[in-house]
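Engineer: Below, each chain spelled out in residue letters.
There are 2 protein chains.
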Amino acid sequence: MGRWEPDAAGRLREAAMALYAERGYDGTTVAEIADRAGVTARTFFRHFADKREVLFAGSELLQQQMVGALAAAPADATPMEAITTAVLASAEFFGDIRRDYSRRRAAVITSTPELLERELIKMAKLTTALSDGLLERGVAPDVAALAAETGVAVFRVSFERWISAPDDVPFADVIQATLKNLAALTA
Amino acid sequence: MGRWEPDAAGRLREAAMALYAERGYDGTTVAEIADRAGVTARTFFRHFADKREVLFAGSELLQQQMVGALAAAPADATPMEAITTAVLASAEFFGDIRRDYSRRRAAVITSTPELLERELIKMAKLTTALSDGLLERGVAPDVAALAAETGVAVFRVSFERWISAPDDVPFADVIQATLKNLAALTA
Chain A
34 MGRWEPDAAG
44 RLREAAMALY
54 AERGYDGTTV
64 AEIADRAGVT
74 ARTFFRHFAD
84 KREVLFAGSE
94 LLQQQMVGAL
104 AAAPADATPM
114 EAITTAVLAS
124 AEFFGDIRRD
134 YSRRRAAVIT
144 STPELLEREL
154 IKMAKLTTAL
164 SDGLLERGVA
174 PDVAALAAET
184 GVAVFRVSFE
194 RWISAPDDVP
204 FADVIQATLK
214 NLAALTA
Chain B
34 MGRWEPDAAG
44 RLREAAMALY
54 AERGYDGTTV
64 AEIADRAGVT
74 ARTFFRHFAD
84 KREVLFAGSE
94 LLQQQMVGAL
104 AAAPADATPM
114 EAITTAVLAS
124 AEFFGDIRRD
134 YSRRRAAVIT
144 STPELLEREL
154 IKMAKLTTAL
164 SDGLLERGVA
174 PDVAALAAET
184 GVAVFRVSFE
194 RWISAPDDVP
204 FADVIQATLK
214 NLAALTA
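Chains A and B, in that order, are what the protein sequence lines are. Its first residue numbered 34, the first sequence is counted upward by one per residue in my numbering. Its first residue numbered 34, the second sequence is counted upward by one per residue in my numbering.
There may be inaccurate statements among the hints.
From the structure, some residues in chain B lie toward chain A, with a derived Cβ separation under 10 Å [said to hold, decoys possible]:
#	residue
1	ARG56
2	SER92
3	GLU93
4	LEU94
5	ALA104
6	LEU149
7	GLU150
8	ILE154
9	THR183
10	VAL185
11	LEU212
12	ALA220
Cross-link-like lysine-lysine pairs, in silico, BS3-like; alpha carbons within 27 Å at most [claimed, not checked]:
#	chain 1	residue 1	chain 2	residue 2
13	B	LYS155	A	LYS84
14	B	LYS158	B	LYS213
15	B	LYS84	A	LYS213
16	A	LYS213	B	LYS213
17	A	LYS158	B	LYS213
18	A	LYS155	A	LYS84
19	B	LYS158	A	LYS155
20	A	LYS158	B	LYS155
21	A	LYS155	B	LYS84
22	A	LYS158	B	LYS158
23	A	LYS213	B	LYS158
24	A	LYS158	A	LYS213
25	A	LYS155	B	LYS155
26	A	LYS158	A	LYS84
27	A	LYS84	B	LYS213
28	A	LYS213	A	LYS155
To be clear, the hints were calculated from the coordinates, so they are not data collected in a lab. For each residue, glycine too, the CB sits at the ideal point set by N, CA and C.
Between the sequences and the hints, there should be enough to build the whole structure, so can you do that?
Structural biologist: Structure representation (structure tokens):
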């Protein structure tokens, strides 16, 4: 196999997910993932630091997308409008094409404490990044922290609903329903 | 030293905190903590599973107090009223007497990735416990999850504010201020 690997990262991700589901995360090695994807271990390490990061490379992209949307929100947007823009940007990331992958990923993560910890850390980092983004927009620190925590709460609850929902329900619709629930809850 | 140790747990906690601040968490052993507290390692292990749990035994109590308050809220309380009762119950836990300890604990935890992970896991468990408590009250699953996440968000933001606030600001007042911010944010 040559040095050029068309979508090696995507194939490695699929291979890892299949093996984690079959043998469990702990029972799977990098060599096995590379083998299943038809690449060398060397190629694996060109794309991912370790077998855990195969599942979390997307988290960085998600954070960039949400923080980018927050920064691009109109200057006169309220803190909640700005954070809503960021949460809705996650729906562009989690399009229908990622639904099945997201479901399988969630199943592996929920059943593996080490991965669950990693997921919690990524969510905490996302919260801090969104809070920092609101501070840069001139929002007061207390309000920024609360709006970021609330935004991530909406994202998490919506995500859980979305992966349990029928295939024709778009993520953006679930987010809007969760935002309605939040408004009713705190009214 | 005899088998009976008046408040050995409290002295071990103080000793651990002092040593973590002096030498760092990684640089401290159970033997050193026991020695500083004037007890044997055997006594340490009667109270705590390991040096990490010295800092987290209180988290179980906090969760019990909050979940108990949620269950005891009036039957006709709205989900948000019930969760607010639970969050305010944390103010009884974090009285003025725990303020200094809480500040020092937060400093150690923030500077130690392993402890930060543990703290995130405890907060996730608290969220699940509060969501389960709301389900038992007959709240719909989507609303229960969102109310629990929102309640923990209010708790976290308030806690951060409280440990940075002057010594005469009660935790309950900070929680009320955060709840007001939340209402303004989502109005």
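Engineer: For which of the previously enumerated hints does the structure constitute a violation, in increasing order of number?
Structural biologist: 1, 2, 3, 4, 5, 15 and 27
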